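Undergrad: Here's the letter readout for the chains.
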Amino acid sequence: MVMKVTNVLMAGVGGQGIILASGVLAKTAAAAGLDVKKSDVHGMAQRGGSVLSHVRFGDRVHSPLIPDGETDILMAAELLEGLRWLPQVRSRGRVVLSTQRILPPTVTRGEQAYPEDILEKIKRRDPRAIHLDCLEIAQAAGDVRTATVVLLGALSTLLPFAQRKWIELLEREVPKKAAPVNLVAFRRGREWAKG
Amino acid sequence: MGCGNPVKRLMAGNEAIARGAWEAGCRVGTAYPGTPSTEILQFLSEYPEVNAEWSPNEKVALEVAAGAAMAGARALAAMKHVGLNVAADPLFTLSYTGIRGGLVVITADDPEMHSSQNEQDNRHYARAAKLPMLEPADSEEARRLVKLAFALSEEYDCPVLVRTTTRISHGEGLVETEDRRESPLEIKLEKNPAKWVMLPAYARARRPLVEARMEKLVRLAESFAENRIEPGDRSLGIITSGVAYQYAREAFPEASYLKLGMMWPLPSELFRRFAGMVDRLYVVEELDPFLEDWVRGLGIQVIGKAVIPTIGELSPALVRKGISGKAAAGRPVTLDLSLPPRPPILCAGCPYRGIFTVLRKLKVFVCGDIGCYTLAAPAPLSALDTCLCMGAGIGQSFGMEKALGEGGPRRVVSVIGDSTFFHSGVTPLMDMAYNHSRGTVIILDNHTTAMTGRQGHPGSGYDIRGEAAPAVDIAKLAEAFGIRRVRVVDPCNLEETEAVLRQELAAEELSVVIARGPCILIPEAREAIKPALRVNLKICAGCRTCLQVACPAISYVRQAGEYRTREGKVKKRKGYSQIDERLCTGCAVCRQVCPFAAHREPS
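Protein sequence lines, in the order shown, are assigned to chains A and H. For reference, each letter of the first sequence is one residue, going 284 to 478 in the numbering used here. For reference, each letter of the second sequence is one residue, going 62 to 664 in the numbering used here.
Because the hints were derived from the structure by calculation, they are not lab data. Everything numeric in this text was worked out from a predicted model, so none of it was measured. The C-beta atom is built at its ideal place from N, Cα and C for all residues, glycine as well. A hint or two may mislead.
Said to hold, decoys possible - Capping the alpha-carbon separation at 27 Å, the derived lysine-lysine pairs in DSS-like fashion look like this:
#1 Lys632/H with Lys599/H
#2 Lys460/A with Lys591/H
#3 Lys287/A with Lys387/H
To be verified - Chain H residues, not near chain A, derived (Cβ > 10 Å throughout):
#4 Met275
#5 Glu311
#6 Pro377
Working from the sequences, and respecting the hints, build out all of it.
TA: Here it is as structure tokens:
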């Protein structure tokens, strides 16, 4: 496979499984014979902070960080995080978004309001933005904790990798017991995005 | 997928460092956890050939690794940048003694301070300690350079520093793997006082050897394969290293590069040759003008920090803007900073929430330390007043006590986590006991090194492989120092905690209060999670007092309504609190602060 560098920015909140999702994407791209770089900041993330993962793949990738404003696809597992990183999406870039809302501390304490018009703002940047209720789909798939894998399934429809490769790598990355429900969740997300 | 390609694996820099060490025959690995270096030892401990351990601090880590190297084993000590400050004492003299088996010291710097209290540039350590330093620019180089570092260490008889940064340590890239090769060096003890005993007379004899070694290393640097010129467009030449090289390549793919893999000593002739090849010469480096100063010192015209920021991480955009003056992607990217931020906060059920709720109420000055509990500083908890470096809080509080004189011990306390206490809180506590302190030291014993991802420590009862290990008894340790007032409290019991703290603040002698409650993320605590609390909406006045404990499970719903007072009167409210049952662990700190008794356990 020959391709110029594709930049996928994955955003969410600590505990949502963004690092797992970006790992599956990076390994799927590597399995396709591409050069890959992935970068995320750990450390304090597990304590409810924003989590951001940069995944880049192509013939030759230098920077582990996506250059400003050159994100081809933004995948956000939470609405506000989608809005936060939207300015990084290039013109004609795509957005894949879970409609889940996780209230940040200033909102739960009643000091700030959670923005209400997020979907409209995102659709102004990407009119074909894919947005889905991952929690509900994950619940129906059998485990609400697979919500971000549902989203990964939706994201997979925008990338040129075969479904069986995704499935193979996903299966390797999740605990053995949880593999079946994760695979169902991935397929449901993928089917949903294909409409 | 291309056929015939060598097998490449996606690895984070830290995993690649561990892989490189293992391939090089490393037999002993030591570290104290610290972002962004922590995973190096975790990965290294997965190799059965490596005797890996969490050390109580970085100084001990380096000394243990050094001992192993003296006996002939290849050894690695890993630490974050500030950890090298702690390990600097042995490092500087190891430069004189040298080693036998290869000794590699990893320093993981944290530009941008993602998880650190400063962004010191540890390249200066190589120069100051007169030791070679290598710096990889991606995961594959990390593996390769760590192997080279072991070889150089034995060839030049000195420890070798390998510097990474957050983006190299945590960034993932493809790595080619090789098999392990055992070191041929014999493991043995060799009495050689002139080499191992740094009495002044012996040290003076070793001193010229250090200079001679560095001269030899300068010659090596001039021809070192990892210091390479990548010719391109001659109008623009860039000297760079580490992740800055990747950013520069991204911003200026056509330029000529001098990419350095060895950060110390520096190759002056190579700089001159490269400068002669290009029209305009830039240095692109994160943090200090370390390369730039050297190049300028050679009389070469060069631009660096005049256009490249000294503070924080670089990025392709910053490099592009610095050199060409143009924004990336044709437009500047501005993030909306007015959006609600999502800072890290103490977890729901964290035992620290209780003790800081009490400390805020007591209005004492709290000398803090490094760990999750540093998150008690921001509003609304606002209950921690200092954070300097590992173990500093105890000494700081004692200094304040001395400065304040009479009454001082009632106004200031220090708070330190168990892992941080073992790291460097033991000696200042000993100082307080020895020098007649009347203060109060609170040790937060959550049985783990929580902030870096729950690693074991000398009090946790398990080692890096999860096997049982002896656990230090903090109370007995304090008693052994001669401290007579040692109290243990459950920090989630606010009444008890407050009563004990009031007694100990009033006491006329030094006290240690151990606030014992396991980190809510470790199995011991997960198994003991209680049912979620609920807010009785009939009596919640919407006073927001419970929001002050900063629990992620509690939120305020802005919706006007009515509630019933204790006396049965109906009153108006602007909103009410609610508890997220999925997050609540039943710690009940919120119930204990609610003035209306609206929070309750499920019946």
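Undergrad: Each of the hints needs a verdict: does it hold here or not?
TA: Results for each hint:
Restraint check for Lys632/H and Lys599/H: satisfied, since their Cα atoms lie roughly 10 Å apart, inside the 27 Å limit. A threshold of 27 Å between alpha carbons decides the hint, and for Lys460/A with Lys591/H the separation of about 26 Å falls inside it, so the pair holds. Simply put, Lys287/A and Lys387/H have alpha-carbon atoms about 23 Å apart, close enough for the 27 Å limit, and the pair holds. Non-interface call for Met275/H relative to chain A: holds, since the shortest CB-CB distance, roughly 32 Å, exceeds 10 Å.
Glu311/H, annotated as away from the interface, has a beta carbon of chain A within 10 Å; the closest lies near 4 Å. Pro377/H, annotated as away from the interface, has a beta carbon of chain A within 10 Å; the closest lies near 4 Å.
Figure legend: structure checked against the earlier numbered hints; hints not met, in rising order: 5, 6.
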